[in-house]
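Chain residues, written in single-letter form:
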Amino acid sequence: MSCPIESFARAGVTVEGSQRGTVILEMRGITKEFPGVRALDDVSFSVRRGSIHALCGENGAGKSTLMKVLSGVWPHGTYSGDIVFEEQTCRFATIRDSEAAGIAIIHQELALIPELSIAENIFLGNEIRQGLGIDWTETRRRAAMLLAEVGLDNDPDTPVKEIGVGKQQLVEIAKALSKNVKLLILDEPTSALNEEESAHLLDLMRKQRERGISQIMISHKLGEIAEIADDITVIRDGRTIETMHVTDHDVDEDRIIRLMVGRPLDNRFPERHPKIGDVLFEVRDWTVRHPVNTERLICKGSNIQVRSGEVVGLAGLMGAGRTELARSVFGHSYGIYERGEVLVGGRRVSTDSVPKAIAAGLAYLPEDRKTQGLNLLDDIKGQVVSAKLKKACQGGISIDWHHVRTIAQQYRQDMRIKAPSVDTPVASLSGGNMQKVVLAKWIYSDPLVLILDEPTRGIDVGAKYEIYQLIGQLAAEGMAVVVISSELPELLGITDRIYTIFEGAVTGCLPTDQADQESLMRLINPTSSRPATV
Amino acid sequence: MSVGNSQSLDHQPVNDDCQGSWHQHNPRKGQFTMRILKTITTIGVAGAMALTLAACGGNAGNAGNAGSDGASSGGSIENLKIGISLPQKTSENWVEADGFFNDTCTEQKLDCTLQFANGGVAEQQNQIDAMITSGVKVLIIGAIDGTSLGTQVEKAKDAGISVIAYDRLLLDTEAIDNYVAYDNFQVGVKQGEALLEGLAKIKGDGPYKIELVAGSNDDSNSSRFFNGAMSILQPKIDDGTLVVGSGQTQQSQAATQGWDPKNAQSRMDAILAQNYPGSEVPDGILSPNDTLARAVLTSVEQAGKEQPVVTGQDSEVESLKWIMQGKQYSTISKPTLPLVQNSIALAVKLASGEKDIKELNGIQVDEEQYNNNKKNVPSFLLEPIVATKDNAKDVYKDEPKKLEAVNSVG
Amino acid sequence: MSEQFKQLIGGNIRQLAMVAVLIAEIILFQILTGGTVLSPQNLQNVISGNAYVLILAMGMVLVIIAGHIDLSVGSVAAVVGIVLAVLTTSMGLPWWVGVLGGLLVGVLIGLWHGFWVAIVGVPAFVVTLAGMLSFRGLNQYIGKSNSIPVPEEVRTLGAGYMNFLPPIETGNWIINSPTMLLAALGAAAVVVLKLRSRAKLVAAGASVPKAWVMWVQIVFASALLIGLGWVFATGRPGTSFPIPGLIVIVLFLCYNFLARNTPLGRGVYAVGGNRTAAALTGISVRKVNFFVMFNSSVLAAIAGMVFVGRSTASTPFDGNSWELDAIASVFIGGASVWGGIGTVGGTMVGALVMAFLNNGLQLLGAGADWTQMIKGLVLLLAVAFDVLSKVQGRPSIIGLLWKPKPKPEAEQATKEA
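Protein sequences appear in the order of chains A, B and C. Per the working numbering, the first sequence starts with residue 1, numbered consecutively. Per the working numbering, the second sequence starts with residue 1, numbered consecutively. Per the working numbering, the third sequence starts with residue 1, numbered consecutively.
With the rest of the complex left out, here is chain A:
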């Protein structure tokens, strides 16, 4: 979010309730072991009543495990240590127990049933009964009240699948509020939201704080934390490193990052000395229709050029057509192709199927590595070679697994993929390491053009830096790299040039050294009257 390092100190905490400052939750000496791994090692952690407490740490540091212990996903007895909530020692056996005590968790992956209405979802498992049946009138009335509370103006009868992710997040919160929650846990609440939705969500969190609801927030977005948190606890390698009060004035992003990664990070973006060559990748007049709503154009005659050794950013709001552009170019794997051509190294190439696009030297790292990038049932070595199996074949027929193992081993070392061996299932890797495997898979396919869609989403600071380094290296080797990102500071930090996209059309192209967040925001959201709130 916020790019310049700012002080976290905030004077304006206005609500000082009578109970403010007393402790609502205390977790003491929590230790949780999995076979062969100690995920939590004597973690202690407490939350003040009516505060927002941010939990920071790299992926795999133990944040989610800690929250699972707290919410009863890991029942009492599978961990050691005490949980004291509202002065009661709690022994939750199930999630229901923790909900009954007033603890609600909203997961990163939303747990709503898409086919059911908002009202049905809110009261799912907690239905308002009238005799044997459900009292639908009361259900709707209460749902409408809760929706007003969270600032949603949709009809409670709207099916959840018809509202966006941001609004679904709010429904989740409404659902939690319906259960008289005292402590609300939000796991990466804004990771799938756009600027506006995020801002709304943060507002809502403030409002709940004023109502006296305590909140724990897991986030990688330090800007958000800066904006909203009262206390920050940093966890690293399953241990509590430090808990800071924002009012202490000496908290800043650098310090948090240092605590999270355990070493100082001089710069969030690596130094680059680009050697830019000729135009290597060009998209001309690219026009694509929406796959369902065929009246709508999702790419409107877009033109893009990327030179060898250059890193080019694609900036735009969610749904502006960045991913759609990339995927339709990459094997026409999205939308209905209307017209336009792709040139690689000055020659027209056909990319109307994924294999053809790969053969033409294109590679596309999708925005969601778990559902689009990897076969989570496979292991590292299998995934590394999966985009160009022919290359791993002996005499064209048989995959040479010895060779594959050697190759994968090399990538694992070079890219610092943290895994016991190349036989490790990719599902057990952390987000950053998974992303490195996807990247390795595409590098193995010998691409000339690398399109990276949200390459650092949901990845911790340390791994982000490593991925930036890799991007720089690949460009230095002569590839044309396109980076799609929702985080403007990231684009400003790693690219040479930035294209802006709004409603399917390219609205501008700025050399990065002449761009700043404000100028980019104006281009990616020309209709917005309010200034960028990043």
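Calculated from the structure, these hints are not laboratory results. No false leads were mixed into what you were given.
List time: in silico DSBU-like cross-link candidates among lysine-lysine, alpha-carbon distance up to 30 Å:
1. 109(B) x 358(B)
2. 418(A) x 200(C)
3. 390(A) x 194(C)
4. 155(B) x 358(B)
5. 391(A) x 287(C)
6. 393(B) x 89(B)
7. 144(C) x 397(B)
8. 194(C) x 391(A)
9. 144(C) x 389(B)
10. 207(A) x 161(A)
11. 182(A) x 207(A)
12. 144(C) x 327(B)
13. 161(A) x 182(A)
14. 210(C) x 418(A)
15. 370(A) x 391(A)
16. 144(C) x 109(B)
17. 401(B) x 144(C)
18. 393(B) x 144(C)
19. 144(C) x 89(B)
20. 390(A) x 200(C)
21. 389(B) x 401(B)
22. 370(A) x 287(C)
23. 321(B) x 144(C)
24. 356(A) x 287(C)
25. 287(C) x 390(A)
26. 397(B) x 109(B)
27. 391(A) x 200(C)
Given chain A, put chains B and C in place with the hints provided.
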């Protein structure tokens, strides 16, 4: 879930091949006179009343037609409406029945509706419902599942329609008039007799080692075959003339799931491996039908052993060849034509208002053997006959296809 | 100790668990039947009598890995069987015309299923359910519900023996030489492959188990092969390792290779594991779907022909609920109901677990009723065992059996992290 469905869909109606092919030209008469005298009193008031009431109901429901039909007793039966509902067309015997029913109806100028329920029980229910609606006077039903047509049969009774169970008994209902079939207990008896005869003829003096094969546990006819055969064999087992080598004398042990020959073959493989080491071999094998007979013979042959005496049933073409080659000893003939003709004759009698029929073309009614859990169903049971190499040419002389098979082997 | 033991049995304990179950089952029945299970005659019966399931299951496992199901295999096999019988016995054509005709029918049905599943996009469940019904009907239509015998050559495919070399006669023993030759070739292949693999690993700088571990493995595997060969070779004179078993072994080698070592096989896993990711990785989902459906029908055709060879005739009963046997084998063999997971080798073990269970119960004279109940329970327990051992965050059952210390790899991982 899916798997369960698929199983039921894929399962062949298991009883077809064991009952299907029947040959007999002279149903023997007068066998059950004694029984009838005994049971004539046990028909019961209720039964008689039911029949009377039913007839009344029929008249009330179809005053015009019924009147004329009733009057035509013994006279014109032209355009009598008969509904014939048969199971899936899965064995040649049902194909044959199809032809014979059509021929007989055309000959006698009856208005017959014949339908096969290839889609299963539900389809058969719908077909019978439709026949009732279309105003048939008599229903001849070869049920896929004898227990599942209760509703339809009751409905028919209420509409004054007579119901004949053809080849397979309708269970758990009062609303059935008669049952026409081959006597399956007798089939077993004759198989047992044939086995003893064959052993004496081919294997010399006893004692003999034998093995037993039964039909599928989910088919009630399996018990009739098995019990019929055991009524002959058990005394011989008891007196030591026969020895069951594997010791598997219970029907459940001898059962062949789904009448599937591969199950009989693999069971026989196991029995041979376990109980007949070296060149030892069973002298005889009781098999309830031809398909299973050939399966156990194949098993013995593949074990490289001498052929035993094996019984069968159904007169399948392939088995007739094996009998003529001396590989299989016997089969049972249950020709379809007499069964069809007797069913139609019975239908005509019922439609013309006859009640409490005691005799049909010389077959006396049997009111004891078949109880459908609600009542003893008056049955007309045709007697099966044994065919061996010696009498095959005679037994099949009126069935060209089978005769051809018999003659095809030197 | 447990570490060395793991190296010795190949490391992947979970996969080998079902092998252990199979061995335990064989030993149990061997004791209960007083030694009949491992007699040459009985082993020949088990192999010939279950060859069709083993063949079907090889097609089924690929279908299931790709995330589909094939309910039609039984009906397809039945149609192929009757076509083979009609072409040869009824029409008097040579046996090889019948076999080619049967294969052609399998190919055509495979194209038909592939078309609907891969090109039109109808779920395989529905397509093959339809196929199951239609081809069952076609079988009855062609055969008029009769059983029709098949020629001698086809019977050899289904239950024949190898006698192309004269037997070795020494004293009391008459030893089938082709069987021993086969066993010796198998043992030689084990030695060569092991040594070559080790050399490659060493060349690649990977760590390898100690040499004695490898040699123990080689000696054990070779002894097993030669021992089994001996049992098969010393049965009734004129018998050998059955020809249908040979067909199964050849197909197994092909499909094991295909699944593990070819881009197509990897594609099957990729599509089953994550269809979207596979598509975005340049794998043609359509091609993979077409292949698995097509292949399953072709294998069903081979299975159908082997089966009628063994039962010497095509009957209307052929293929009844075979799909269930095949599917059960696949799941016992460790495949996932959700696709993406499964191996050809595991499936073969799964099929043999069911085959020996069936055989053992028959040898003991258990009735069809008991056999079905026990088979059902074993299927349930085998899959439950597999599911429980995959539950995350809980020590696996097998893990508990061996009481492993924390894996050294995992320790290393935590250190690195």
